[in-house]
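Peer 1: Listed below, chain by chain, are the residues.
2 protein chains.
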Amino acid sequence: MSKETENKSGKRIGIVGGGQLAKMTALSALEFGCDIHILERKPEGPAMNLAGKTFIGDWDNPDDLMKLAEHADVITLENEFVDANSLAELEKAGHTLFPTSKSIGLVQDKYIQKQTLQEAGLPLSPFRAIESREEIIEVAKEFNWPLVIKTRRNGYDGKGNATVNSESEIDAAWEKLDGDNRTLYAEAFCPFVSELAIIITTSRNGEVATYPLVESVQKDHICHIVRAPAVVSDSITENAINIAQRAVVAIGAIGSFGIEMFLTKDGEVIINELAPRVHNSGHYTIEACECSQFENHVRAVLGWPLGSTKMVTPAAVMVNLLGQGHGSGQPAGFDEALAMPGVHVHIYGKELSMPGRKMGHVTALGETTAEAEKIAQAAADVLYFGVK
Amino acid sequence: MSKETENKSGKRIGIVGGGQLAKMTALSALEFGCDIHILERKPEGPAMNLAGKTFIGDWDNPDDLMKLAEHADVITLENEFVDANSLAELEKAGHTLFPTSKSIGLVQDKYIQKQTLQEAGLPLSPFRAIESREEIIEVAKEFNWPLVIKTRRNGYDGKGNATVNSESEIDAAWEKLDGDNRTLYAEAFCPFVSELAIIITTSRNGEVATYPLVESVQKDHICHIVRAPAVVSDSITENAINIAQRAVVAIGAIGSFGIEMFLTKDGEVIINELAPRVHNSGHYTIEACECSQFENHVRAVLGWPLGSTKMVTPAAVMVNLLGQGHGSGQPAGFDEALAMPGVHVHIYGKELSMPGRKMGHVTALGETTAEAEKIAQAAADVLYFGVK
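Just so you know, the sequences run in chain order L and W.
According to this note's numbering, the residues represented by the first sequence are 1 to 388, in order.
According to this note's numbering, the residues represented by the second sequence are 1 to 388, in order.
For reference, chain L alone in the conformation it holds in the complex (with noise of 0.2 Å):
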């Protein structure tokens, strides 16, 4: 009554992390009859029961991740926090990895990633990075308060950053960050007026493919509300397409990426930062377009030819689901969501509820985005996670 399966007969791919984007990658992978194996630190997560073979370990470690590798055909990652040079020792051993091992080293340390995007002439705030306390005034006088201050790794959905308005805040941020033990940069804030994300898949074979940009509003730091397509100007669309493109050629990108871009006042696009990995902001694909950021990644790192990106909708609104309590990982208001006409309702899986988790996603599609968000963001209101 245990299991271990594979079909023997497609392709394996082991996944790095057992969590939705894995989960996401999981189902679509399984549609080509794929084999999916997971490594993960817990028993635990929404992807687990969707592989054949779960492997528990340390992903930093090149042992556990060898144990993955031998029953994969090709190994790729549902975050960007799993060490570089432990990556490499996979290539290393022959495995084939995507991204590469280069790639996740150009990204997860931010400071490295913003000095290779800058050195391919890509639009950036400008950065420094700061050993000390006493760096982050330095800083101050060229770039201005207020600073942002991150940590170089393992920051995602505001952990990890502080904004610091004056020299007084500096302590704090440094307390929050824990300075004294990471490696931290600064970056000038950047005054935008929206955020605009993308994502573009590459498939090892060379192909591009560019999917629609679109508007994403965080809240609290994490991605909360994704509009596609972005209702922003030709000349800004062109633009922001043109930037993300080359950001993914300067790191030497495979699979789907996702990046996040500011809009300024001035119409200006910068680049905020790049996750070398399918993106929450490419969760609405799924319904809205002809092949998910999902189904192409698995594509690009098999080396198949890429599906088309084209919206089958107008327009489509996706908002997040974050835990609001301590509870069950199935959200109170289900029924009421599900009876809602148009609302396409992703609960993730995992086993408990906290504040701020990502629990699941709900998309809506319409002819309008202000349409679609009206009966995505209906939905979200219904469902809650921490028991009601």
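Copies of the same chain look alike in the list, so a pair counts if it works inside one copy or between any two.
Capping the alpha-carbon separation at 30 Å, the derived lysine-lysine pairs in DSSO-like fashion look like this:
(1) Lys11 / Lys374
(2) Lys11 / Lys388
(3) Lys374 / Lys310
(4) Lys102 / Lys11
(5) Lys67 / Lys42
(6) Lys42 / Lys11
(7) Lys265 / Lys219
Derived by calculation from the structure, the hints in this document are not laboratory data.
Here the structure is a predicted model, which means the values were calculated and not measured.
Given chain L, work out where chain W should sit, using these hints.
Peer 2: Same frame as chain L, now just chain W:
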């Protein structure tokens, strides 16, 4: 490294059978954070690597069914061959089964199915139970030649059917169908001009969702092409929908059911047969409808509100991919098919191809069924199961 997972917050669906219908149902259920557990006769099968727990056993054995049921909030089936009396044991033990054992009992013996539908006043070809070769001659006097002789149980895709054009063909049919050991019935041959089909989902809460009427083209008695929607007059469509809706009521259906019908040259619609499960004629709903037959089946058996059956495209065509030779379950021509714009390729992940075995399907959307069929057929033409 073995696997036996359950997310512990979502609903647990036990599926009897682990083939492609279970797989596509599981893919929908997993999007909702459900757990899937499966009982199959053998460890391999398209759905096996999507299940948390897999039970290998005899699905006609109540003890084996009970093992699955202990881990499920609701049990459902991917085929109509599981003995209704064994299923009734589950219900007696307090487990929840949809469709019910009563519905399965009314469907799995095709003679009883026809009787039930006839009693509901639905149009059918004349039929009669037969117990000897001589009775076939008697029936022919009343219905005229040709007759279709069928096994009352376990027939599908033309297996268990024989057309008899004259008295001289009776012996061959009797041998083919093993008439000495199996119970048979005879039907008047229906000289249809086309075959129609429709999926109807009935929730355990009484809600009914009716999908568009489609045209289904069979090849060697196996579903080959499905064109959605069927291009017939409004009055034929209304009549077919009315008949199908009355049929599922007569059977006490809960879940997604497939109703196959014949259209005669006089524009009459008669029921061919009914399947108490998701059906090959509804695979197009994955891409073409707002909510697929699989998602609605999950909603129905869990008592959740049903989703919209509205098509998101003017037309869609599905073409089945059958094994052509013996070989791998992964097709030749896969790259070529994926490179075709607008093609959705589903590979079931069976270990081995065999001639006539259902290995996958392709779906294409379009402005017309002619346009969609051109795309889907082109993809099907390059895909080859069984080495090339």
